[in-house]
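Colleague: What the sequence shown shows, in our numbering, is residues 636 to 974, in sequence order.
Calculated directly from the structure, the hints in this document are not laboratory data.
It cannot be assumed that every hint is accurate.
What the hints assert, rightly or not - Just the calculated beta-carbon pair ranges, DEER-fashion:
| no. | residue 1 | residue 2 | range |
| --- | --- | --- | --- |
| 1 | Lys-958 | Ser-754 | 43 to 51 Å |
| 2 | Thr-828 | Lys-744 | 33 to 41 Å |
| 3 | Leu-746 | Leu-723 | 13 to 21 Å |
The structure displayed is predicted, hence computed values, not measured ones.
Glycine included, each C-beta is placed from N, C-alpha and C at the ideal position.
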Amino acid sequence: FFNNRNWDRRQQYEIEIEGIIRSVEEFPKPKLSIAIHSGLYDSWPLLQNLLKSFLICNEYPNIEIMLVESDGNKKIRDWFEKIDFDDLFINFDGQKTNIKKHPGVKIEKTLKFIDLDSSVTGLSCYNRAISQCIDSFKGDFFVMMAEDNQFIVEGDLVNDYIKILDHFGRDSSMVSFFSLHKYKLYKKNNLATGPHKIDSTDMPFFTPVQQKWNFDFICNRGVYNRINAIRAQKNIKEEDGWDIIHGLVQQNNDIVSDLFPTTGSDFRRVYSCIPSGLWMDNNDRECLIKKIKDSSKNNPNHLLYKTIKKEKLLESLKGRYWKKPISSEDFSIENEPAS
Numbered sequence: 636f637f638n639n640r641n642w643d644r645r646q647q648y649e650i651e652i653e654g655i656i657r658s659v660e661e662f663p664k665p666k667l668s669i670a671i672h673s674g675l676y677d678s679w680p681l682l683q684n685l686l687k688s689f690l691i692c693n694e695y696p697n698i699e700i701m702l703v704e705s706d707g708n709k710k711i712r713d714w715f716e717k718i719d720f721d722d723l724f725i726n727f728d729g730q731k732t733n734i735k736k737h738p739g740v741k742i743e744k745t746l747k748f749i750d751l752d753s754s755v756t757g758l759s760c761y762n763r764a765i766s767q768c769i770d771s772f773k774g775d776f777f778v779m780m781a782e783d784n785q786f787i788v789e790g791d792l793v794n795d796y797i798k799i800l801d802h803f804g805r806d807s808s809m810v811s812f813f814s815l816h817k818y819k820l821y822k823k824n825n826l827a828t829g830p831h832k833i834d835s836t837d838m839p840f841f842t843p844v845q846q847k848w849n850f851d852f853i854c855n856r857g858v859y860n861r862i863n864a865i866r867a868q869k870n871i872k873e874e875d876g877w878d879i880i881h882g883l884v885q886q887n888n889d890i891v892s893d894l895f896p897t898t899g900s901d902f903r904r905v906y907s908c909i910p911s912g913l914w915m916d917n918n919d920r921e922c923l924i925k926k927i928k929d930s931s932k933n934n935p936n937h938l939l940y941k942t943i944k945k946e947k948l949l950e951s952l953k954g955r956y957w958k959k960p961i962s963s964e965d966f967s968i969e970n971e972p973a974s
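Using the sequences and the accompanying hints, generate a full structural model.
Modeller: Dropping the structure here:
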């Protein structure tokens, strides 16, 4: 029969095991730094829509949001300063929304105001912003995005992406964050094999045959450390750095093997079958900006496109044969305009 000593010991073991499990669960996840760039004042409605969609959708618990402004616009900068991710989100016009980050999500806000000479415009302006963000992000992972994206899937997809990075090697892979337009998925440099899975429970993914650089893919800090070393070694200046880096990697020349010391072919650019959201069509830009402006006046919570729970989306896709990742067109279901 049991004796009190054995029973007490068993209870003590159970308490210790529960403590170990709790400490593992509470151990902080790696931090993801998300740089969101504003280079055109007129695009503030898209920027507002992107930030609201992030708060609605993201459930990954450890985030740095870098709010980047490189056009010297005081109104945008003032708005960025007012945004408090621990409070209800405030729209560009000062209206307070009912939108707030999910419980358990920690967001560190970093402001990055880049003052450039007026002669620096367009892609050069964006390249400098990318370079400066890469030099200063605080997280373990990094992704940069422009305002013409919207988060669609509510849930923790970041953890799925990190699992794919771990599978291929954090220092030699990157995973898509937003969808591509359907026609881009059929371009030669985006054609991919798959679908693949790490195991039966994981989200499917595709691996493009050709390797190229995408700064808007989630990537580990170690890769960017290598890039910075190569920028210094090859004397690539900030103002043209990402133009050149992107071009060199696309051409598969020696920078690929410099980046990834085994062989360039060991580097993997991966498309998750389910992106976090969509990349909008640039041809619709002016129309979309007007829709956001008009609807936000009547409903400060208005979001351009409908969101969907990750679990519901996965359930709807169960048994489907994956030929391609979800495209921007698949996600482009607009909410009814606020009246």
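Colleague: Against this structure, judge whether each hint is valid.
Modeller: Results of checking the hints against the structure:
Distance hint check for Lys-958 and Ser-754: the Cβ-Cβ separation is about 46 Å, which falls inside the suggested range of 43 to 51 Å. Roughly 40 Å separates the CB atoms of Thr-828 and Lys-744, a value that falls within the hinted 33 to 41 Å. For the pair Leu-746 and Leu-723, the supplied restraint of 13 to 21 Å holds, since their beta-carbon distance comes to about 19 Å.
Hint check: no violations occur; every hint is consistent with the structure.
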